[in-house]
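Asks: Next come the chains, spelled out residue by residue.
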Amino acid sequence: MSDIKGRVELKGYRRYFFNKLGWFAITFVFAFVLNFMLPRMMPGDPVAAIVARQAQGISNPTGVQAIYEQYTELFGTNKPMLEQFFIYVGNVLRGDFGFSFSQYPRTVADVLAASIWWTLMLQLPAILVGWILGNLLGALAAYLRGGFDKVLMPSALFVSSFPAFGMAVILLVIFAVNLKWFPTSGGYGYNLIPSFTPNFIWSMFVHYQLPFWSIVLIAIGGQAIGMRSMSIYELNADYVKFSRFMGIKDGRIVAYVFRNAMLPQVTGLALSLGTMVGGALVAEIIFSYPGLGTTLLNGVMGQDYPLISASTLIITFMVLTATFVLEILYGVIDPRIKATQSD
Amino acid sequence: MQHTLRQVFRSGKFLVGFTILMTVLLIVIIYPLVVRHPPLQIIGQGTFFPPGIYVSTYDAINAPTIYTLNLSDAAARRIENRLSQDDRIAMKEWLVAYGVAEDEIDTEDTEKLLALWEANYNPDLRLPGMTFARQRYFQRVNASIRGLLSTEGAIIAERNPETGELQEKSIVKQSDFANISQVANVQWLLLGTDNFGRDVMTQLVAATAVSLIIGLIAGLIATTIGLILGLMAGYIGGIVDDVIMFITNLFTVIPTFVLLILISFSIGQDQRGAVTIAIVIGFTSWVWTARAVRSQVFSLRNRDHVNLSKLSGHSLFRIIFSDILPYIASYVVMAFILQVSSGILAEAGLSILGLGPRTTETPTLGLMMNWAMIYQAHILGNWWAYLPVLLTIALISFSMNLMNTGLDQVFNPALRD
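Residue numbers (the numbering used here), protein chains in the order written: chain A, 59 to 401; chain B, 552 to 968.
Don't read these hints as lab results, they were simulated from the structure.
All values reported here derive from a predicted model rather than from experimental measurement.
Among the hints, erroneous ones may be present.
As the list claims (entries may be wrong) - On the chain A side, residues computed to face chain B include the following (Cβ under 7 angstroms):
1. 336
2. 373
3. 376
4. 377
Claimed, not checked - A partial selection of chain B residues facing chain A, derived with a Cβ cut-off under 7 angstroms:
5. 905
6. 906
7. 944
Even glycine gets a Cβ: it sits at the ideal position worked out from N, Cα and C.
Construct the complete structure from the given sequences, taking the supplied hints into account.
Replies: Structure follows, in structure tokens:
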């Protein structure tokens with residue numbers, strides 16, 4: 059009997075999984091096309107801009123023209139849009155994003171490979187830690203009420219009202235400029251070469267703190283508020299009153315309430331992930347952290363569309379993947395999903 | 552309606568948020584009526600003048616009446632103010648080398664320091680181990696202290712147009728005072744100047760106005776699109792719902808921030824005005840409103856009063872306007888407030904990246920932040936260039952969040968304390 063039930067559940071879950079996977083694929087294709095199209099609709103000619111920089115001091119117009127043609131050939135901007143698109147798809151599949159305009163002759167893949175790990179190592183733990191701490195605080199505020207709630211709620215609201223870069227600037231000024239506990243910018247000391255020496259790892263650790271905590275603080279605020287409302291809803295629910303009548307211990311009730319309030323928070327994280335990553339990217343810029351945010355800024359400054367397009371593509375891909383993973387996890391945690399899918 | 556409003560204004564949270572927002576609005580409206588110079592005018596020659604009241608030295612000397620005030624502590628204060636930290640350290644160094652106990656010397660206590668210096672310093676004395684250059688340095692320090700201690704007035708001279716010689720015109724005595732209300736030019740720079748020498752306060756007020764407008768336009772667009780799509784998806788359902796939900800799902804997972812970057816970049820610097828940015832923000836942030844409205848409408852669709860309306864043969868618009876909208880109105884207002892505040896934040900984030908409105912016409916809160924960051928105001932300790940901007944953004948966003956929480960508690964009794 060239980061075997062059949064198990065099989066039905068598994069079938070339901072499999073359907074849920076493939077449904078989500080299909081969505082993941084469709085969204086990614088759509089995002090990919092947008093990513094390709096939008097920067098190419100930009101007015102002005104980025105190739106002309108780099109040629110102007112490269113050809114400084116060359117007074118011979120045919121010489122400049124030759125350089126220009128060489129670059130358009132190299133970047134493929136002289137071909138029709140559709141052809142460019144297929145070339146782009148082929149290249150991206152091979153991991154080749156072309157040359158960076160602003161950091162030529164470095165390739166985009168090269169620039170991104172150097173920055174992507176910094177962003178992953180910074181944002182993934184920071185958002186997770188912020189989410190967990192925020193949920194704990196929110197649940198605690200809902201459960202304890204009273205003074206704790208009265209202090210926590212307005213401060214969480216105020217902290218979450220700060221734009222992510224604002225928190226970054228404030229932490230930077232207090233802890234790096236005034237107290238001089240942490241360095242002001244970069245991912246490691248400017249006098250060090252990346253290596254596995256204790257010296258370098260310590261330097262990385264020290265540089266990591268401020269960007270990390272500024273992202274965590276912002277995340278805590280927003281999550282705590284959401285979790286608090288959710289928990290209050292649940293605490294007022296009939297099953298809680300019933301459990302109290304039944305004489306079930308408070309600790310167990312809180313565990314139930316927490317679990318039920320958690321579920322929407324998982325979806326909430328999936329939905330707000332994009333915004334959080336956006337904010338965190340700007341926070342990176344404030345600290346000149348060598349991640350994707352700073353790379354993106356350099357791309358914008360240098361009118362470097364292969365770089366911008368590839369960075370935004372990678373960011374979209376990372377957010378999409380994270381959302382997908384969250385939804386899959388959600389399907390595992392929430393028994394209702396299996397139930398509805400197996401109908 | 553009246554009852555609801557009364558209830559809303561009885562909520563403490565809403566009231567606090569509303570008061571903050573209204574105060575900001577009032578300042579934004581009244582300040583330009585009083586201070587009339589354009590916000591982006593460059594008035595300071597140099598960067599980051601600290602906040603304060605700036606008095607024209609020229610006009611102070613030429614004030615119509617010069618008053619004499621004999622203040623006993625005027626000289627001490629003057630010296631205190633002009634004796635630089637370097638001088639104090641140099642004095643201490645000499646005194647220690649001379650043999651005065653180090654713990655007796657307090658560089659902060661001007662009076663005692665000067666007394667010690669008077670009692671001990673001897674310009675001709677060459678201390679053991681001190682180079683000749685060092686000795687000369689202390690002589691210079693001594694000379695400048697002598698200058699500070701002088702009781703002579705400052706002479707104002709004029710160049711004689713014929714001979715080209717300087718002629719004494721008047722003497723400004725140390726006890727001369729001008730009444731600040733009689734000085735022709737007194738400039739209040741409450742928040743100093745920024746990196747281009749522009750008045751930060753005036754700029755901040757103008758920027759707040761522009762940012763509020765950006766938030767308002769973005770919020771209106773996003774809420775309208777979200778509301779229409781949500782209503783259609785939720786009420787009509789079927790294939791319309793499927794199509795709308797498909798689009799909504801696409802835009803939910805593609806990070807809005809990425810879209811904003813790509814679109815702003817594609818528009819190009821020259822085309823990006825404040826309104827354009829607002830429109831772009833509006834068109835990229837409707838997604839969650841549409842989702843929320845749809846789910847609300849879904850739960851209303853099969854209520855009795857809606858069914859009754861349908862049976863009575865009322866048109867689609869009439870049903871939506873009179874049977875559905877009133878029930879979700881509070882929800883839409885809350886969504887709108889959130890959209891406005893997130894619109895302001897989105898503009899700020901874009902501007903930090905250098906993708907905000909073009910910089911020549913109007914300041915926005917994000918642009919001010921961007922300028923302060925580019926010129927490293929935060930590293931240089933020029934807090935007035937960025938902190939007021941940050942606080943304004945946070946205050947506006949905080950007030951709106953607070954109003955929202957208040958509304959939420961009024962309309963969702965389960966959340967009430």
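Asks: Could you run down the list of hints and mark each one as holding or not?
Replies: Verification of the supplied hints:
1. Interface hint status for residue 336 (chain A): upheld, as the beta-carbon distance to the closest one in chain B is roughly 3 angstroms, under 7 angstroms.
2. Look at residue 373 (chain A): its Cβ gets to within about 6 angstroms of chain B, closer than 7 angstroms, so that hint holds up.
3. For residue 376 (chain A), the shortest C-beta to C-beta distance to chain B is roughly 9 angstroms, which exceeds 7 angstroms, and the interface hint is violated.
4. Here the hint on residue 377 (chain A) is kept, as its CB sits about 5 angstroms from the closest CB of chain B, short of 7 angstroms.
5. Hint status for residue 905 (chain B): holds, given a least beta-carbon distance of 5 angstroms to chain A, under 7 angstroms.
6. Given hint, residue 906 (chain B) at the interface with chain A, holds; its Cβ is 6 angstroms from that chain's nearest Cβ, closer than 7 angstroms.
7. About 6 angstroms separates the beta-carbon of residue 944 (chain B) from the nearest beta-carbon of chain A, less than 7 angstroms, and the hint is met.
Comparing the model with each numbered hint stated earlier shows that hint 3 is the single one that does not hold.
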